[in-house]
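K.L.:
Residue strings, one per chain:
2 protein chains.
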Amino acid sequence: MNQEKQNYHHGDLRNALLEAALKQIREHGVEKLSLRAVARDAGVSQTAPYRHFKDKNQLLVALAVEGYEQLRDETQQAAQTVPAAADGMTSIGLAYIDFARRNPERYKLMFGPIIHDRQNYPELQESGFNALQVVINQAEKGIATGEFVDQQPFLLANSCWAKVHGIASLMIDGFYDCAPIPSIEAFFRTLLELHLRGLFKK
Amino acid sequence: MNQEKQNYHHGDLRNALLEAALKQIREHGVEKLSLRAVARDAGVSQTAPYRHFKDKNQLLVALAVEGYEQLRDETQQAAQTVPAAADGMTSIGLAYIDFARRNPERYKLMFGPIIHDRQNYPELQESGFNALQVVINQAEKGIATGEFVDQQPFLLANSCWAKVHGIASLMIDGFYDCAPIPSIEAFFRTLLELHLRGLFKK
DNA sequence: TCTAAATGTTGACACTGATCACATGCTATT
DNA sequence: AATAGCATGTGATCAGTGTCAACATTTAGA
Numbered sequence: 185m186n187q188e189k190q191n192y193h194h195g196d197l198r199n200a201l202l203e204a205a206l207k208q209i210r211e212h213g214v215e216k217l218s219l220r221a222v223a224r225d226a227g228v229s230q231t232a233p234y235r236h237f238k239d240k241n242q243l244l245v246a247l248a249v250e251g252y253e254q255l256r257d258e259t260q261q262a263a264q265t266v267p268a269a270a271d272g273m274t275s276i277g278l279a280y281i282d283f284a285r286r287n288p289e290r291y292k293l294m295f296g297p298i299i300h301d302r303q304n305y306p307e308l309q310e311s312g313f314n315a316l317q318v319v320i321n322q323a324e325k326g327i328a329t330g331e332f333v334d335q336q337p338f339l340l341a342n343s344c345w346a347k348v349h350g351i352a353s354l355m356i357d358g359f360y361d362c363a364p365i366p367s368i369e370a371f372f373r374t375l376l377e378l379h380l381r382g383l384f385k386k
Numbered sequence: 185m186n187q188e189k190q191n192y193h194h195g196d197l198r199n200a201l202l203e204a205a206l207k208q209i210r211e212h213g214v215e216k217l218s219l220r221a222v223a224r225d226a227g228v229s230q231t232a233p234y235r236h237f238k239d240k241n242q243l244l245v246a247l248a249v250e251g252y253e254q255l256r257d258e259t260q261q262a263a264q265t266v267p268a269a270a271d272g273m274t275s276i277g278l279a280y281i282d283f284a285r286r287n288p289e290r291y292k293l294m295f296g297p298i299i300h301d302r303q304n305y306p307e308l309q310e311s312g313f314n315a316l317q318v319v320i321n322q323a324e325k326g327i328a329t330g331e332f333v334d335q336q337p338f339l340l341a342n343s344c345w346a347k348v349h350g351i352a353s354l355m356i357d358g359f360y361d362c363a364p365i366p367s368i369e370a371f372f373r374t375l376l377e378l379h380l381r382g383l384f385k386k
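If you read the protein sequences in the order shown, they are chains A and B.
Under the working numbering, the first residue of the first sequence is numbered 185, with each subsequent residue one higher.
Under the working numbering, the first residue of the second sequence is numbered 185, with each subsequent residue one higher.
To be clear, the hints were calculated from the coordinates, so they are not data collected in a lab.
Do not take every clue at face value.
The list treats identical chains as interchangeable, and a pair is accepted whether it falls inside one copy or across any two copies.
[Unchecked claim] Within a straight-line C-alpha distance of at most 25 Å, the following computed SDA-like cross-link-like pairs (lysine to any residue) qualify:
(1) K325 x L354
(2) K240 x L278
(3) K216 x Y234
(4) K238 x D282
(5) K325 x A363
(6) K216 x K240
(7) K216 x F313
(8) K216 x G227
(9) K240 x R373
(10) K238 x L197
Just so we're clear, the structure is a prediction, and the values are computed from it rather than from any experiment.
Given these sequences and hints, build the entire structure.
P.N.:
As structure tokens, then:
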């Protein structure tokens with residue numbers, strides 16, 4: 185299957201298309217992704233992608249699912265490097281934000297309103313929940329060690345998730361670009377610590 | 185200017201286009217907004233909008249700016265109804281989330297990756313910061329009354345903002361739709377209180 | 001009043017997502 | 001080994017889109 189010459193059959197077009205699409209959104213932004221451009225980039229006719237994806241939306245879904253899996257892996261690894269549950273949660277948060285920073289376009293795809301009818305794609309919901317599960321586990325750990333308040337893990341996890349997602353979104357949208365922030369990393373870390381400690385005095 | 189018959193000149197086409205666009209995104213979602221459909225809806229030729237907006241993106245920007253102003257007004261009003269700073273912050277958060285709930289498509293437009301080159305539109309940044317200013321003011325108030333920790337108001341405000349924005353985004357994206365949540369309002373309120381108190385025990 | 005600017009129209013171009021019938025090459029059964 | 005069937009890729013085509021240039025009409029200011 186590894187001849188130099190182009191065969192009529194590509195061999196692994198599905199993956200080639202996903203890679204090409206990823207390259208395209210990195211270079212030109214996710215909102216201007218064109219299925220035809222993806223096909224061109226993969227060196228294939230404009231209708232070939234339809235043999236592997238029902239429509240453009242389904243290609244985007246596949247790309248988002250990949251992203252959720254990657255996000256889950258990276259946050260999971262971040263959690264494992266730290267013993268204390270609270271520090272692990274911060275570590276997860278920083279890894280999450282770092283993922284968003286390194287993959288802004290894919291992040292937009294995962295959480296933005298680009299994919300239509302999300303509820304029609306169970307694999308999307310599932311991989312999203314798998315990523316959330318890392319945070320839920322960490323919340324459970326923190327509750328078990330007595331570090332966190334005795335609330336439902338799902339609730340604590342959503343609190344953390346919403347916070348880091350909000351930070352990541354605002355960052356990507358450029359809300360922090362022209363703000364008076366000396367070190368963006370320190371800024372993020374402070375925001376996360378603030379989330380653990382709360383806003384109330386004492 | 186109020187004849188029944190259609191004049192050659194519309195009279196207030198700019199506003200009519202904005203209204204039509206708002207109606208369109210409410211009905212069909214912001215990502216499928218078509219400038220031509222907007223023009224049709226306003227009863228005008230497909231290129232007429234270009235006399236009032238440089239391109240489609242600029243119409244979206246105008247729509248987003250309107251949204252930021254509305255969001256600022258509603259949160260400001262919510263803050264004024266409550267005496268204590270902390271309660272006011274919760275009130276702001278709930279108003280923010282409520283705005284997102286009532287105007288999901290516009291919210292996507294304001295914070296999602298639909299508008300290109302946000303940094304090229306100073307009025308967008310400005311109206312966004314004006315909306316944030318409400319939260320900064322409330323943070324200052326809370327610091328002054330001694331309710332909140334003695335940190336920079338900008339930092340506290342961003343902490344709150346990120347949290348509610350995260351909640352609103354995840355809600356709109358349907359992340360809470362199939363979660364085991366009895367009352368969504370209570371869920372939001374708990375998340376906001378958790379943000380004030382922090383996750384740490386005691 | 002006359003002219004210039006503002007506003008709306010027509011027709012066109014290049015591009016997109018999608019579908020159709022058709023061509024090609026792989027693979028499994030005989 | 002031959003071939004039938006199927007998965008995969010192609011070309012032509014359609015409707016819809018953003019945008020532009022050239023033209024038409026109305027309004028407003030000298």
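K.L.:
Hints first: check each against the structure and report whether it holds.
P.N.:
These are the hints, each one checked on the structure:
1. K325 x L354: between (29 Å within a copy, 24 Å between copies)
2. K240 x L278: neither (32 Å within a copy, 36 Å between copies)
3. K216 x Y234: Both: 19 Å inside a copy, 21 Å across copies.
4. K238 x D282: neither (32 Å within a copy, 36 Å between copies)
5. K325 x A363: between (36 Å within a copy, 21 Å between copies)
6. K216 x K240: Cα proximity of K216 and K240: in one copy and across copies (12 Å, 14 Å).
7. K216 x F313: Answer is neither: 27 Å inside a copy and 27 Å across each miss the 25 Å cutoff.
8. K216 x G227: within (19 Å within a copy, 28 Å between copies)
9. K240 x R373: neither (38 Å within a copy, 38 Å between copies)
10. K238 x L197: within (14 Å within a copy, 40 Å between copies)
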